[in-house]
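Protein chains in written order, with the numbering used here: chain A, 93 to 665; chain B, 492 to 637; chain C, 34 to 274.
These aren't lab readings, by the way, just hints derived from the structure by calculation. Mixed in with the good hints there might be a few duds.
Just a sample of chain A residues kept apart from chain B, beta carbon distances all over 12 angstroms, derived [what the hints assert, rightly or not]: (1) Ser-111; (2) Asn-233; (3) Asp-250; (4) Ile-284; (5) Lys-289; (6) Ala-317; (7) Gln-351; (8) Leu-410; (9) Leu-426; (10) Pro-563; (11) Ile-588.
Keeping only pairs whose Cα atoms sit at most 30 angstroms apart, straight-line, the calculated DSS-like set for lysine-lysine is [to be verified]: (12) Lys-61(C) - Lys-211(A); (13) Lys-539(B) - Lys-61(C); (14) Lys-147(C) - Lys-568(B); (15) Lys-539(B) - Lys-176(C).
Quick look at which bits of chain C chain B covers, simulated, 3 or more residues with Cβ under 8 angstroms [stated by the list, open to error]: (16) 64-72; (17) 124-135; (18) 141-147.
For glycine and all other residues, C-beta sits at the position ideal for the given N, C-alpha and C.
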Amino acid sequence: MAAITTTPAAHDDVDPNASYLDKKGLMSWLITLDHKRIGVMYLISVIVSFALGGIFALLVRAELFTRGKTLMDADTYNKMFSLHGVVMVFLFIIPSIPAALGNIFLPVQLGTKDVAFPKLNLLSFYIYVFGALFGVYSMINGGVDTGWTFYTPYSSSDPAHGGVGTNTSVIPMTLAAFIMGFSSILTGVNFIATVHKMRAPGLTWRRLTLFTWALYATSIIQVLATPVLAITLLLLTMERFLGLGIFDPRLGGDPVLYQHFFWFYSHPAVYIMIVPGMGVVSDILATFSRREPVGYMAIAMSSLGLALLGFLVWGHHLFVAGMSEYATMVFSALTFLVAIPSGVKVFNWVTTLYKGSISLQSPMLWALSFIFQFTIGGVTGLFLGMLAVDVHLHDTYFVVAHFHYVMVGGTVMGFVGGLHYWWPKFTGKMYDETWAKIGWFFVFIGFNVTFMSQFVMGSRGMPRRYYDYLPQYEIFHQVSTVGSWILGVGFLVLGIMFIKSLMGGAKAPRNPWGSAALEWMTPSPPPTFNFVKDPVLTRGQYDYHLATEEELYDGLDDPMFPSKASAKKEAHA
Amino acid sequence: MSSADHAHADDGAVHAHVSPSLFYVAVFVGLLVLTGLTVGQSYVDLGKLNIILVILIASLKASLVVTFFMHLRWDNKFNALIFISCIFFIGVFFAYTMNDTDRRGELDPDQNVHILPKTGERAPGGRAAGEGHEGTGGTGGVGEHH
Amino acid sequence: MSSEAAASVHEAPEGAHGHDGHGHHGPKWLAHHFDTPAQQFDAAKLGMWAFLAQELLFFSGLFVAYGVYRSWYPETFRAASHQLNKEMGAFNTVVLLFSSFTAAMAVRSAQVGKQKATGNYLLATIACACGFLVVKYFEYSHKFHAGLLPGRFFHPHADHLVAGSPPLPETASSFFSIYFMTTGVHGVHVLIGIGVLIWIWLRNNRGEFSKEYFTAVDIAALYWHLVDLVWIYLFPLLYLV
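This is chain A alone, in the form it adopts within the complex (with noise of 0.2 angstroms):
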């Protein structure tokens, strides 16, 4: 039957055991070009921030567990609940699927040997790096109470010449977001690149994975929103530096018009979060349901959608800000479409799972309560996108619930799921199965119960970056704040299960899910230039029908393979 059939190389033989991580050596690692290589940088990058921003959000409940003072004073809490928003946007979720995920797999499922241009690719880790030590240097300094939107005027005036704003460490934090931007730029550019010129014979458009139809999406996102941040931070920090007056009333400026363009970015860059994590999720469902998705053009058409759509609802963060009339009614109208892509993937996904092949393994546990979570949070949205109601809840906890449904429910745990998923292919190591569900159970309960408890108290009126708060409220934020700690023991569970992997876990077959997708025809790990043999493909890579019995089957027991299982149970009887 037809199958994914390679070609003799054109460059020398390819030892099948060798792996991209024989080299050893700090400068093997450092001055690679291999982008497998340099994903797992990124990938150790963003665990480590993910880690320091979790640390400033058990700091932010823990503050809030009681009324008044509880651990730190006001202007503290501040900088705490600013840090935690910074940190965890621009160094953790930002980069997260994309930069780590995205460029250890992307050219794996392309069949291809490394993304269009390697050295842009290492500049963008570096890129990264250099900012984040800006921001580092600013937390160092006292870090920025201006909440992680840098709103004017108080981020923009300066007390020190004059300006009735902070006087935090707000320019070095400023440019540590700029210098990212670049790095998130360039790998949208390397992302485009490689997508459209370097796919494998046979791969069509067509026969691409939902992950690379993510990947390509959020690309085109990165590259024309990222830009408009930048500008708009150089800006702000020339308004600080020398008081330009763009943002300032005194001077004939307008604070509103920093809104505009700070969302011009913003806006798109939740699609950057999120449309990766989709992916994932497609991913990972066609493979424990064994079947291609159900509406793959949709899927992949939506996830375009989302990129050009995304750019059109930004007012809808500057409702009640001061806009004018005509342009809340504009945005609010235009933000109930954007909604329309996001709902074609969920009810296609859940459709997919309608006479699959279900297997509740590890990764699958995740993309299903992605699917739950990410629907609470899109249907949130969608009433915060109500301009009625946005009057009433805009700056309440019901924003932050909702974000944190989509961001944490959706895109962490679409990014903790492809760690799983992917975990056995990039490392060649298995992790615990059980200590994975037990991780994951505690991830689950203690995210909902953290966040939903926000809703209620949101939408009871509760506003959000407070430090103290009205009594009725109080026993709402001792669960959400209990809701923190579980969270944090599931994230500590998973990654004590990931390090007993990497130090000694069982070897990984080289398509331990039985998955059609290609990087799963390559061994585990993947040798340098990620396959033995040229792949040219003849089947896509949902096409459970059209896979042959050894691309898919691995010697492990497989329901969809009893007669193997059972026979080799006699071999060792």
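Following the hints, complete the assembly by docking chains B and C onto the known chain A.
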């Protein structure tokens, strides 16, 4: 990858379009003429038309540079698509932002004023008395209108 | 791994994977992860256009700020633009347009394999770029002397303003903030362009380019054209209206 056909087109070598030198000179002269036109136009006061004309002429010049100097005319169509969609998104940015900034206070008489109409009270902060947005529609201005 | 590949094996065309006896995958300038020169060239151009798109969006923020403030303070902008020297601006425009012409000619020379001509056209482009910056220096000097500086440094000295110009309203500081931000960011890009063009000139000098491989010259020229494109809009919007 087909093997036998179109050996000349499919040999993997780069086949880029080469423009004649004189053609580039012609484009350059065209750009100079347009520059002269726009500078000349700046000495004539046409009111609102000035800025529209100036943007139009600049766009013509830009089109010449992009199409011919930057080779988009003969390049892979997708590169042109990248450029056009970029312009489209810039347009969205402009249109929606100015849809807001130009229409502040159109529906709500209390928005964007410096002196509250009902009480005569001045808004704290902002510019000194007598200043205001010169060009806003509605009730924005201080001093002249209220 | 996979099995019976008989019917579906496709061999890559022989010419693309030229084995030149050293076990090399192709000519020296063909990167290992590309199969053919055309693939490498197309990828580079596509990547560069994506990068240019983001540069345009970067500048778009400045233009939107200009648009918003012009729309709010039309009289101020009209009055303040008289402080800018139209003739110097027009001269700079012509200089940049000419540099765009020489950049395009440099690419053309590289495409037909004329190394010396390529080098000369690149030098011409660099010279024009430097000329642009020199004129800009004079313009900025005048602004400094007249106290027409951005933001909190704005202290106009009436005696240093352009003779016969309309009086400067108090709100003129916004115009000059925008002026310095836009021309400043543009100027930084000119500087970067000079650096890039010098690097390409050095590479051309070493004989790295040929009829088959001129990609780097093409890419550098595309960047330079972008710098020109931005100025094509900046000049009339700041100086002429």
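How the hints compare with the structure:
At the 12 angstroms boundary, the C-beta of Ser-111(A) stays outside the reach of chain B, the nearest C-beta of that chain being 28 angstroms off. The claim that Asn-233(A) is not at the interface with chain B holds, since no C-beta of that chain comes within 12 angstroms of its own (minimum 28 angstroms). Non-interface status of Asp-250(A) relative to chain B is upheld: no Cβ of that chain comes within 12 angstroms, the nearest being about 16 angstroms off. Annotated as non-interface, Ile-284(A) brings its C-beta within 12 angstroms of a C-beta of chain B; the closest such distance is 8 angstroms.
For Lys-289(A), the non-interface assignment is contradicted: its Cβ lies about 10 angstroms from the closest Cβ of chain B, within the 12 angstroms cut-off. The claim that Ala-317(A) is not at the interface with chain B is violated, since a C-beta of that chain comes within 12 angstroms of its own (minimum 9 angstroms). The claim that Gln-351(A) is not at the interface with chain B is violated, since a C-beta of that chain comes within 12 angstroms of its own (minimum 10 angstroms). A cut-off of 12 angstroms between C-beta atoms contradicts the statement that Leu-410(A) is not in contact with chain B; the least separation is 8 angstroms.
The claim that Leu-426(A) lies off the interface is violated: its Cβ sits roughly 9 angstroms from the closest Cβ of chain B, which falls inside the 12 angstroms cut-off. At roughly 33 angstroms, the least C-beta separation between Pro-563(A) and chain B is larger than 12 angstroms, which holds for a residue marked as non-interface. Against chain B, the non-interface label of Ile-588(A) holds: every CB pair exceeds 12 angstroms, the least being about 45 angstroms. Between Lys-61(C) and Lys-211(A) the alpha-carbon distance is near 17 angstroms, which keeps this suggested pair within the 30 angstroms criterion.
Distance check on the hinted pair: Lys-539(B) and Lys-61(C) sit about 58 angstroms apart at the alpha-carbon level, beyond 30 angstroms; violated. About 28 angstroms separates the Cα atoms of Lys-147(C) and Lys-568(B), which keeps this hinted pair within 30 angstroms; it holds. Distance hint between Lys-539(B) and Lys-176(C) is fulfilled; the C-alpha atoms sit about 28 angstroms from each other, no more than 30 angstroms. Coverage of a stretch by a chain is defined here by at least three residues with a beta carbon nearer than 8 angstroms to that chain's beta carbons; for the region 64-72 of chain C and chain B the count is 5, and the condition holds.
Under the rule that three or more residues need a Cβ within less than 8 angstroms of chain B, the assignment of the region 124-135 of chain C holds, with 6 such residues. A stretch counts as covered by a chain when three or more of its residues have a beta carbon under 8 angstroms from one of that chain; for the region 141-147 of chain C and chain B the count is 3, and the coverage holds.
The structure shown violates the earlier hints numbered 4, 5, 6, 7, 8, 9 and 13.
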